[in-house]
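Asker: Residues per chain, in single letters:
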Amino acid sequence: MLDLQGYGPRLIEGAGVTIQLALLSLILAIVLGLLTASAKMSRSWLLHKIATLYTTVIRGVPDLVLMMLLFFGGQMALNVATDALYDRFGVDWYVNLNAFAAGVLTIGFIFGAYMGETFRGAFLAVDEGQIEAGRAYGMSDWLVFRRIRFPLMMRHALPGLSNNWMVLLKTTALVSVIGLSDMVRVAAEASRATHEPFVFLIPVALIYLAIASVSEWIFARLQKRYNVGFGGH
Amino acid sequence: MELMTWFTELLEGNLIFTPQTLSYYWDGLVTTTQLVFLSLLAGLVLAVPLAIGRSSRHRWISLPIYAYTYVFRGTPLLIQLYIIYYGVVFVDGIQESIFWPLLREAFYPALIAFTLNTAAYTTEIFRGAIKATARGEIEAARAYGMSQSLMMRRIILPSAFRRALPAYGNEVIFMLHASAIASVVTLMDLTGAARFVYARFYAPFEAFLFVAAIYLCLTFAILYFFRFLEKRLLAHLKPA
Amino acid sequence: MKKLFTISILGAALVAGTAQARDYDHVRFGVDVPYEPMEYRTPDGELTGFDIDLGNALCEEIGITCEWIVQEWDGIIPGLMSRNYDAIMSSMTINDERRQTVLFSDPYFTPPSAWFAPADSELEDATEASLDGKTIGVQRGTLQDNYATDMFGSVASVSRYSTADDMVLDMQAGRLDIVFLDYPVGKSTLLDSESRDYKVVGEMITEPKEYFGDGFGIAFRQRDEALAERFNEALATLQDDGTYDEIYERYFGDDE
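Sequences listed follow chains W, C and S, in order. Heads up: the first sequence is residues 1 to 233, going by full-length UniProt numbering. Heads up: the second sequence is residues 1 to 240, going by full-length UniProt numbering. Heads up: the third sequence is residues 1 to 256, going by full-length UniProt numbering.
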């Protein structure tokens, strides 16, 4: 029997942190990705440039460095701003950038850039004829987006989305380095304290594999759904 | 000499970017480059036979390789690094063995972890490329009476390498970025240098923006190198 | 930045009468664990240690509640600045470099630093000659890190760790020749450990002051002078009425 030497509950808590962190970052990344894709396809020169700068810089710098910059530097920037507020107006207002929030923000921000590329490619792959057909039916812009553009886009975006999600999931491990008690950190702490690295690290590795396998299954189902009406038998 | 004076003057009055901290960044650059280059090289050497094995029709060859790539691609590199760095210590007799002087340094456990990781990704990249070999090419080779191994060497692998190039370029960049975690096991790579400067001077922007700029330059260098390579190799493939 | 600063000063002058530090009835302490016996966690996650017990006793004396927030050492001062917590009580040595950023309480504990090596090590003292080519372990961003880096960084290789635990593990694994730590921490994690024998190398070190400062203090934001004063008074009370000694005994009881 696996003897977790009293660290069991904290490991489970840590797994919860990992999953929450991954899901919240995913949502943020999708939102940022859609915005970036729209900015890149917009006619505005400025929006296009900003979006390009964002995706280029993010994809050129290691996640860990960005995370530390945002976590440590972001705190300091907020601090300067709120201190000025306090000194000038006596407003004691402040924002707590805890490790979890910093983790969600950074990971979401990083993967927003990757999602942006995925969505852009997918939007471009949508057959314009279908959109025109929708318009011809008198659908509103929003209805066209919801009923036609989005489902068609998703079909093209899903493989990239699934790939980004798998990378994102593994990236969450890095938050352990900036001090968030995700399952990797708990496992590393426990290994050091008990001198039994395998007992803690291997189960955590297996949890990652399990989450990855479940996600694969879910994405396969989704792909099937969005493929309805294309190819098949 | 004049350059030196200019340099000293530039640094004067700057508390953070002193010659000492800059030398940390420089050493960090050397460590990062060594780590990434060596692990990619070793990973590549491992990946070619593994990819061939992975494409084999014999399940007893392809299945274990698949298990290896699945595990290494499905778990965070950080965990792999921890397992190897802390794990090697607990292998019986390792501290008396001839490998200990190497494994004792943080560099080699990190190198092993990075190599195994990139080999897993590269194996899958090559396997995809091998699988995508045009049927016609294989049939033509068969018609010439080529043996399986000759066909692999002369026909399949060369064209697979070319097809794999863009994906492999991404893998190289990925490894560069992934190597940032080496600082977690005390290695003074680029990120390690930045963390040192940050902790000593409480200067997150200076420490991390500077290192981010270095990584950005390295990324672009790799990107352009692969673009150049693709142009050359794919130009050769283009019909006249 | 300069402009912002000027504006802030102007602003501060304008509102000088109204701007005042908050009255705390609840104080959040930032703490870096594990750093046994000063602060560490039991396997079920509960925080304990000299700092924790003393901090709780101080809060009780003042009549406020307190809570502990775990923060990795290299981000502990920025965390205070951004009000993730209101004070740091985490074996932080008072020195001039930090005084520029934070406000310290009176020192509540003054440990020396010491070098630790395996008992069978040939190292007898820590000098430039003896440490030549050796690997020194320190915790990143500590005063021991600064001292070792500046004194021996050119002859020895300095390995920096996020927590003292990582370092101790690597010492046990044989990756480090020698580590440089607060003496009480080295004593509890190395000298008192069962797995292997360790020794103190050379003298205990408390000088020069520019590195080793004036003992451990509680760090506050500069503006929280009133709060620091309340803690100083409470500390004096606890030192007089024997509570301090009682807590000291709990963690350093078998010390000479």
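Worth flagging that the hints you see were computed from the coordinates, not collected in a lab. One or more hints might be untrue.
[What the hints assert, rightly or not] Keeping only pairs whose Cα atoms sit at most 20 angstroms apart, straight-line, the calculated SDA-like set for lysine to any residue is: (1) S:209 x S:147; (2) W:49 x C:216; (3) S:134 x C:213; (4) W:49 x C:213; (5) S:134 x C:24; (6) S:134 x C:201; (7) S:209 x C:201; (8) S:134 x C:216; (9) S:209 x S:106; (10) S:199 x S:209.
Asker: Indicate, hint by hint, whether the structure satisfies it.
Answerer: A quick look at each hint next to the structure:
1. For a cut-off of 20 angstroms, the pair hint linking residue 209 of chain S to residue 147 of chain S stands: about 11 angstroms separates their Cα positions.
2. For the hint pairing residue 49 of chain W with residue 216 of chain C, the CA-to-CA distance comes to about 18 angstroms; that is within 20 angstroms, so the pair holds.
3. For the hint linking residue 134 of chain S to residue 213 of chain C, the alpha-carbon distance of about 33 angstroms lies beyond 20 angstroms, and the restraint is violated.
4. Our distance criterion of 20 angstroms between C-alpha atoms is met by residue 49 of chain W and residue 213 of chain C, whose separation comes to about 19 angstroms.
5. The suggested pairing of residue 134 of chain S with residue 24 of chain C holds, with an alpha-carbon distance near 18 angstroms, which does not exceed 20 angstroms.
6. For the hint linking residue 134 of chain S to residue 201 of chain C, the alpha-carbon distance of about 26 angstroms lies beyond 20 angstroms, and the restraint is violated.
7. Distance hint between residue 209 of chain S and residue 201 of chain C is fulfilled; the C-alpha atoms sit about 18 angstroms from each other, no more than 20 angstroms.
8. Proximity of residue 134 of chain S to residue 216 of chain C is assessed by CA-CA distance (about 34 angstroms); at most 20 angstroms being required, the pair is judged violated.
9. Proposed proximity of residue 209 of chain S and residue 106 of chain S is supported: the alpha carbons are some 16 angstroms apart, at most 20 angstroms.
10. For the suggested pair residue 199 of chain S and residue 209 of chain S, the alpha carbons sit about 25 angstroms apart, so the restraint of at most 20 angstroms is broken.
Going down the numbered hints, you'll see the structure goes against 3, 6, 8, 10, while the others check out.
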